[in-house]
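Student: Given chain A, put chains B and C in place with the hints provided.
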Amino acid sequence: MYTKTQKFIQQSFIIILMVLLLSPEVNAQGIDFLRSTGKIYSVVAVIVILFSGIFYFLYRIDNKLTKLENHIKNE
Amino acid sequence: MNRIKEIFLKELRVEFRQKYTLGGIFLFSATVVFLIYKVFNTVTELEWSILLWIITMFSALNAIVKSFSQEKKGTYLYYYSLFDPIELIIGKLIYNTLFIFLLFAAILLFMSLFLGFPVKDTELFFGASFLGIFGLSTILTFISLISTSDQTGSTLMSVLSIPLILPIMLLLLKTTAVSLRLITDTSIDQDVLLLAAIDAIMLGTVIILFPSLWRS
Amino acid sequence: MLKGWWWKFGGAFIFLYVLIGGMTIPLRPGITSVQPSNAKTGENILLDITGYNTHFDQAKNIRAWLKLDSTHAINALKTNAEGPNHLQMEFQIPETAPDGNEVYPLHLIIDNEIDGAFILPNAVFVSRSTDSLMFNPNEWTNGKMDKFHNYTGIQFPYRNILNETIRNTFFHVALWFAMFILLLYGVYYSIRYLRSGNFDNDRLASSYTIVAILYGSLGILTGSVWAKFTWNTFWTNDVKLNMTAIALLIYFAYLILRGIQYDQDKRARLAAIYNIFAFIALIPLVFVIPRLQDSLHPGNGGNPALGGEDLDNTLRMFFYPSIIALFLIGKWMAEILTRYERLKDQYFIKSK
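Protein chains in written order, with the numbering used here: chain A, 1 to 75; chain B, 1 to 216; chain C, 1 to 352.
Rather than coming from a laboratory, the hints here were simulated on the basis of the structure. Even for Gly, the Cβ is constructed at its ideal location relative to N, Cα and C. Any given hint might turn out to be false.
[Claimed, not checked] Coverage of chain C stretches by chain A, computed from C-beta distances (three or more under 8 Å per stretch; other residues unrestricted):
id	region
1	169 to 182
2	220 to 228
3	336 to 346
Isolated chain A, as found in the complex:
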């Protein structure tokens, strides 16, 4: 079963991952990179956001189900 600390570490890991993924847009150099070749990398950024959103949702449900399973097991 997940402890609170474990959960916190997992969630902060995800947040750091998101920040790393999004950081190229924040600094100016990254923006130039994303603008290159007809701004195609901004499309890539959009797809990455879309997928990480769906991934995040799946991850949450997975976590919730694990908790429920543990509840049932402990009965």
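Tutor: Okay, now just chains B and C, sitting in the frame of chain A:
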């Protein structure tokens, strides 16, 4: 029709029996206007219109929060056996609309006392204001019933209702700006029409949804 | 209607199709920039043209015109390809022009047998020199525009500021449409709940709404990334943006309402009623009010609407499937969430 009048009169009686809440709300608006007068000294016309609606919105929120929560559970059961839900909500709506309009008039009076009255197109101003206030009271009355809860009180009410009344507020700000001649818009009739349309939609929804809410 | 497992597979498959097709199909050739962008009447100018996805060096027969209107155009005197995307050409701007404006724009049209014909509107602005001469139509007749080449094959349209980001239509715009379908489903199940009192409908309604909120948040995020590359800002004071932000606030309030510990029956009833009310309040919010003010988005303030030139047939081939795919994936996610909630409720009722 008679029953709607009954509910309306009953609300009026309840309100006047508790003079302190009634006086409190009016005093609240007067204090806020005076505070703004002391802080700003002079306001531009744009600030005037924004302040007018912000004060009205929060006063209305304060006033309607207690629309359903002031009565005890037993009274509800009594109403439930006595009135048709649609009659009840229409009576409440008429009462709340008039009450907020009175409140708005009081705020307007205080504002014009301290900060002047820059409205140029009074017809548009009052017409749009009335439509907007009707919409406000419809949404607020309905949400106040949803958020009647022992634990949360008025926080839930403002969280639920402020996003919903935002479109009306934005339209009101625009029509007020036009009536102050801050901006010119030849198609302002469209905005007024839109306000009326929002009112109609909201009223219809409330009438359809209220009976199932009332049962709980 | 959607029974069994095939629609899940279908959703994933369609999304794969959109992803592959939407990312690999090239853009139509276009003109990125023209230097210099202004000239005087009677001047002989040398235009430096930068193209996108063009094949100037391979093309044998490059023709170019500066067009004023449907009857008046001038031909390029000399063209010189310096690379696949680079072209120099010489134009002789006529001394006179038909209409009375001080400054008039010319549209640049380039045609060759590989890329077909393409246009840059308002490429060169010509300012009239002070001594006005009588209009001489002969100066404008040497450019005869005919026998355009057509590119065969599937390509996305080229838009000057959008460039490759036009592909975001499939991912950002489709996300909003899918969100609305999911919200509609949520409202449908809310109504079903109010009529039947079956908690399963309440679970479905809340799951659909939660997935729709996820899509809405992703829509705001992706939209602000897209905006950064086209309008150069993460957040503009655009009405459509602010309205969608308010819409999201309404639905976050819905989540708060669901989080309050009422008994199950009351919570479900209140949530269902608020959901219906919020959706109806959303209709004037998202669709009507943005039309009253100018917006950067298509369909507002003179910008072309969807369905016009902006969404041409090649884009439609991927845009509509993308909506369907995102909706099906959302439906899948919502059903998984519903099954989880159902299981949880069953378990906790049993253990009590």
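Student: Now look at each hint and say whether the structure bears it out.
Tutor: Results for each hint:
Restraint check on the region 169 to 182 of chain C versus chain A: 3 residues with Cβ-Cβ distances below 8 Å, three needed, restraint holds. Check on the region 220 to 228 of chain C: 5 of its residues sit with their Cβ under 8 Å from a Cβ of chain A, so the three-residue criterion for coverage holds. Residues of the region 336 to 346 of chain C lying with their CB closer than 8 Å to a CB of chain A number 5, which satisfies the three-residue condition for coverage.
When the structure is compared with the earlier hints, no violation turns up for any of them.
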